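> Listed here are the chains, written in short residue letters.
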Amino acid sequence: MNQETITLFSPKLAARLDALVLKYPLRRSALIPMLLYAQDEIGYLSDAVVAEVAERIGITELDVRNVATYYSMLRFKPAGKYNVQVCTNISCMLRGAYDLYERFQEELGIGHKGVTADGVFSLEEVECIGACCWAPAIQVNYDFHDELTPGHVPGIVAAYRGRAQSEEKVPHA
Amino acid sequence: MPRLVSHPDEVKIVTRRFGKGAAEIDRYIELGGYAAAKKCLAQGPDWIINEMKASGLRGRGGAGFPAGMKWSFVPKQSAKPKYVLVNGDESEPGTCKDHLIFLHDPHAVIEGTIIAGLAIGAKMGFIYLRGEYRYLLEIMEKAVADAYAKGFLGSKIFGSDTEFQVITQTGAGAYEVGEESALMESLEGKRGVPRIKPPFPAVVGLYGGPTVINNAETIASVPHVIEMGAAAYAAVGSPRNGGTRLFGISGHVERPGVYELPMGYNLKKMIYEVAGGVRGGRKLKAVVPGGSSTPVLLPEEIDIGMDFDQVGKAGSMLGSGGVVVIDDQTCIVEFALRTISFYQHESCGWCIPCREGTDWLKKSLTRFHAGFGEAKDIDNIQYLAENMMGRTFCPLGDAAAMPTLGFVKKFRKEFEEHLNGKPCPFAKHPQVAMV
Chain D
1 MNQETITLFS PKLAARLDAL VLKYPLRRSA LIPMLLYAQD EIGYLSDAVV
51 AEVAERIGIT ELDVRNVATY YSMLRFKPAG KYNVQVCTNI SCMLRGAYDL
101 YERFQEELGI GHKGVTADGV FSLEEVECIG ACCWAPAIQV NYDFHDELTP
151 GHVPGIVAAY RGRAQSEEKV PHA
Chain C
1 MPRLVSHPDE VKIVTRRFGK GAAEIDRYIE LGGYAAAKKC LAQGPDWIIN
51 EMKASGLRGR GGAGFPAGMK WSFVPKQSAK PKYVLVNGDE SEPGTCKDHL
101 IFLHDPHAVI EGTIIAGLAI GAKMGFIYLR GEYRYLLEIM EKAVADAYAK
151 GFLGSKIFGS DTEFQVITQT GAGAYEVGEE SALMESLEGK RGVPRIKPPF
201 PAVVGLYGGP TVINNAETIA SVPHVIEMGA AAYAAVGSPR NGGTRLFGIS
251 GHVERPGVYE LPMGYNLKKM IYEVAGGVRG GRKLKAVVPG GSSTPVLLPE
301 EIDIGMDFDQ VGKAGSMLGS GGVVVIDDQT CIVEFALRTI SFYQHESCGW
351 CIPCREGTDW LKKSLTRFHA GFGEAKDIDN IQYLAENMMG RTFCPLGDAA
401 AMPTLGFVKK FRKEFEEHLN GKPCPFAKHP QVAMV
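As you go down the protein sequences, you meet chains D and C in turn.
Counting from 1, one number per residue, gives the positions in the first sequence under this note's numbering.
Counting from 1, one number per residue, gives the positions in the second sequence under this note's numbering.
For reference, chain C alone in the conformation it holds in the complex (with noise of 0.2 Å):
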């Protein structure tokens, strides 16, 4: 089981009910639970899409889009369904929130799926699962079959005349179908290829129905909203930054773990203080703040508070709050070799650009890190992680480029120790290829 973690600095909003056996319904009702997805059947669409919108709820996915603008985009009248469906498919390295929402808290997750059905009018939402977590997965399971026998889900909800099912769904691995479009893809049952946008998942979805798609930490946070009030929501984070986020510290940190911080938290404190520093006393280096996608950033450089604009504004991502603690005895090119082969190993071959590009990048890398690599490589690897940027259908080909570009660019140094035949001044393990 994995281990919880707690620091005085934590604000407990979404995490408020884990480790208190809130997985049986019985007591997540104790708790205050489904009160929330009451209300919301009480008011009525347009206010609760008004409370999200004020309540500054950005996406936890990453991409950070404001989720009530989100719901806002699907058309009130259409001729199909309409369907809300909640990625679970975490799979960004450095994130593992949404391991703990499952297993802790399944029916934040249902009653989220409610209330954001509820706000557009769909019938039915989907929660997806990535393969590996087949036992969160039983987990959601029992929940959906103890909301049904509840009356909660069902073809009259709370006693209501309104319809709401939900179906859970597993994945069979695939980081790319993380990506809005291609995780539709897969639910129909395809490879998990992504769509061409325009038309957007709000207009053209699911089954071709309009699909509002949510990570699984934004859902599990929409209840809190609600039984907060957006105001009180909002004021927790930073300007325009609503609520908290459940921030993965992983990597080099004494305490690592999962911790719930307001948005717009000290990223310095949060590796110093909560995370109680770097192991064994070492120096930082350097530390990739919102999953593997996201450029790095230097020691000097992380004195910003933690919300979408500020990382932003220092060059990088919030993306999915797991911040990745890198000490001064860890080789870059060796990290960046690490992160290029995930990404070349998930790529789905689509686009040329990233299926190329990742690929090429994969093998200058090997081949520098092994200290075969030649000046003009250095150079070589930027212009190819450049020509990525932008040039893909979805977003992976810029989410391998990114950091590729950030370590070429701030640790030029490093990649010039590895030229002509020098050992790498910390390798041991010579990279496994995978197939």
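The shape of chain D in the complex, shown without the other chains (with noise of 0.2 Å):
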């Protein structure tokens, strides 16, 4: 790989994608997984981030794109570090998920795909997470948070502010 993917992607994160693309019988199944996983790392897809996919999987940047729109996970802006994301469907709704929605709003301070000013936090409704029985739910990145109530909320988003302050201090290696 040039340069420019070294400096795009840690090294990890490269090495993981260079194992991707031999993971299938077809290169292009790596698409999906490889354009979550560079999000994971770099916040979002850049357009950068896009054409390094691109070319690892060998397709059109274009291709990356018609692709990567389809699915709600990816996006091209950056979120907040902490992506709280709030389920209301059905099940949820039930068990107070607006309630709790209306509390993040409050206590971040940002609506629907909102940022903090800090970076820290954006938000989401989101749609069922399969946490239907262990409702209203929500997902934090990728961590569940089951059974919750709107007093919860400020010992959430303590606690992740509380992490990204400590993961300031000591940067990424």
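Hints in this document: simulated from the structure, not taken from any laboratory.
There could be a bad hint or two in this list.
What the hints assert, rightly or not - With a Cα cut of at most 27 Å, we get these calculated DSS-like pairs of lysine-lysine:
1. 38(C) <-> 156(C)
2. 376(C) <-> 283(C)
3. 123(C) <-> 12(D)
4. 113(D) <-> 77(D)
5. 23(D) <-> 123(C)
6. 123(C) <-> 53(C)
7. 197(C) <-> 268(C)
8. 76(C) <-> 142(C)
9. 123(C) <-> 142(C)
10. 113(D) <-> 363(C)
11. 313(C) <-> 53(C)
12. 283(C) <-> 363(C)
13. 38(C) <-> 150(C)
14. 12(D) <-> 77(D)
15. 156(C) <-> 190(C)
16. 23(D) <-> 190(C)
17. 23(D) <-> 409(C)
18. 283(C) <-> 410(C)
19. 363(C) <-> 12(D)
20. 39(C) <-> 76(C)
21. 269(C) <-> 409(C)
22. 80(C) <-> 156(C)
23. 39(C) <-> 156(C)
24. 376(C) <-> 409(C)
25. 150(C) <-> 23(D)
26. 39(C) <-> 53(C)
27. 376(C) <-> 313(C)
28. 123(C) <-> 80(C)
29. 113(D) <-> 190(C)
30. 190(C) <-> 313(C)
31. 410(C) <-> 77(D)
32. 23(D) <-> 80(C)
33. 142(C) <-> 23(D)
What the hints assert, rightly or not - Chain D residues, not near chain C, derived (Cβ > 10 Å throughout):
34. 7
35. 8
36. 77
37. 90
38. 103
39. 106
40. 158
Keep in mind it's a predicted model, so treat the numbers as computed, not measured.
We put the beta carbon where it would ideally sit given N, CA and C, even for glycine.
Relying on the hints, combine the two individually framed chains into one complex.
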């Protein structure tokens, strides 16, 4: 891979993506996981990420965008370091998801797809996340939090804010 | 960690290893794991398919198609490689059973995949999990790696000359990908748009090869069918509905959770005894019996056995087994609106009746719930939904139309109560339009 690649992705991610294209009978099957893993590290699908993924798969950037725009987890703008996703679908709604969602909006001062000024949090109202029997549920990035009430919100926000602060002191290895 | 529940009426077959550390391969083996795959390897494909047919195991994704029959449609000879595809895209609102299977018993999924592969003569299987299930994907990936290390997967499985590889895959957020042909498109690195059928996946599927696609719960049931024997498994359920089902009971019940009950278990009993009844002693208003796409049942309609045939006879569907319980403090118009908002968001946009139909239904219901509805809108909503039915390539159009029709027909009075600027008698939260 060229020099730009090395600076765009961490060596660990680059190695993971190198292995990923060899995993399937067809190279292109690596496309969706590759976009997701790249987004996990970079934060969103920047132009540089799209270009890099297109090259790795061997398809055009347009083709990458055509696929990526279909999937709701993939994004073309940065989200917060911690993306709070509140499910408001039927099972969660019946158990107070909208109260929970409102409380997150108040606590974070942002609405649907908003990002806090410090970049630590973003908020999203999402469709069913597969935690219906433990409703209402949210995901913060990939972590589930089940059986919540609005009273849980300040604690959750404080915990992730604390994590963001402690990680700031120790830069990524 | 999602809470596990228990009830004396449960028959723990698929869930029997839950909470017992079976995600670790040695523990899984200790609990009887991989014996079924070894037995199948010795017995051969015809025996496996006959056992599956005799077991009465029907597809747990929602359609209820007999699994053994599906497997038998795959041609024995094929120029292209054959594949097994496990659908763990679990996205139907009200459904979270596969979540627990991946968490507690990932090797059952692998073992079921191996058996399906042996039955149809495939050398490769894919296990596809929805993108939100990252922590479960990591559990599955570790389980797959452990199975390779033991020689249960690879070029000579269990020391035989048979090859079987398993590949895990993540989605990235799309309900539509739970539809079998859209799932194959997604796995090929494309937009999750359904394919025209025929040809069916059993003939032309993944990468153009014959493919069997089963729901994760179906696949996780397979080793148990082999282990118990088809006749014993079939005897647990009701006629033509073999075995158990992981019913996810959610909404306004005292004890929501995933309960494993025999097929044909009484729905009323499920709500009032197993799940502890309606929360706070309130009255039952409605039940969505099998995930958000299944037509709603009224309290007087729930004295039925929960299997594919009996729920069908009652005018709804067993679907994915996600039972959503609604109490009398709930606005059905708002519930209908939230349901259609989901389908509008998830429609892939390929078929016009679905793309336009879900959008107009959402618009109509939004306006209706806001108090700006007119009497003719009720008929219009019904007319729109009826015209979506059966007019799309995949079932998403039907999945959006069916529940809407149910709400309008069974709760017409409540729709009428929203007319002429009257505020919703229940409304607290105006719905936020999702982008």
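> Against each hint, give a clear statement of whether it holds in the structure.
Structure-based check of all given hints:
no., hint, result
1, 38(C) <-> 156(C), "holds (12 Å)"
2, 376(C) <-> 283(C), "violated (31 Å)"
3, 123(C) <-> 12(D), "violated (31 Å)"
4, 113(D) <-> 77(D), "holds (10 Å)"
5, 23(D) <-> 123(C), "holds (15 Å)"
6, 123(C) <-> 53(C), "holds (22 Å)"
7, 197(C) <-> 268(C), "violated (38 Å)"
8, 76(C) <-> 142(C), "violated (32 Å)"
9, 123(C) <-> 142(C), "holds (20 Å)"
10, 113(D) <-> 363(C), "holds (22 Å)"
11, 313(C) <-> 53(C), "holds (23 Å)"
12, 283(C) <-> 363(C), "violated (30 Å)"
13, 38(C) <-> 150(C), "holds (13 Å)"
14, 12(D) <-> 77(D), "holds (23 Å)"
15, 156(C) <-> 190(C), "violated (32 Å)"
16, 23(D) <-> 190(C), "holds (17 Å)"
17, 23(D) <-> 409(C), "violated (50 Å)"
18, 283(C) <-> 410(C), "holds (17 Å)"
19, 363(C) <-> 12(D), "violated (47 Å)"
20, 39(C) <-> 76(C), "holds (21 Å)"
21, 269(C) <-> 409(C), "holds (26 Å)"
22, 80(C) <-> 156(C), "holds (21 Å)"
23, 39(C) <-> 156(C), "holds (15 Å)"
24, 376(C) <-> 409(C), "holds (14 Å)"
25, 150(C) <-> 23(D), "holds (20 Å)"
26, 39(C) <-> 53(C), "holds (17 Å)"
27, 376(C) <-> 313(C), "violated (30 Å)"
28, 123(C) <-> 80(C), "holds (11 Å)"
29, 113(D) <-> 190(C), "holds (25 Å)"
30, 190(C) <-> 313(C), "violated (38 Å)"
31, 410(C) <-> 77(D), "violated (44 Å)"
32, 23(D) <-> 80(C), "holds (19 Å)"
33, 142(C) <-> 23(D), "holds (15 Å)"
34, 7, "holds (25 Å)"
35, 8, "holds (20 Å)"
36, 77, "holds (12 Å)"
37, 90, "violated (5 Å)"
38, 103, "holds (12 Å)"
39, 106, "holds (14 Å)"
40, 158, "holds (21 Å)"
Hint compliance for this structure: hints 2, 3, 7, 8, 12, 15, 17, 19, 27, 30, 31, 37 are broken, all remaining hints hold.
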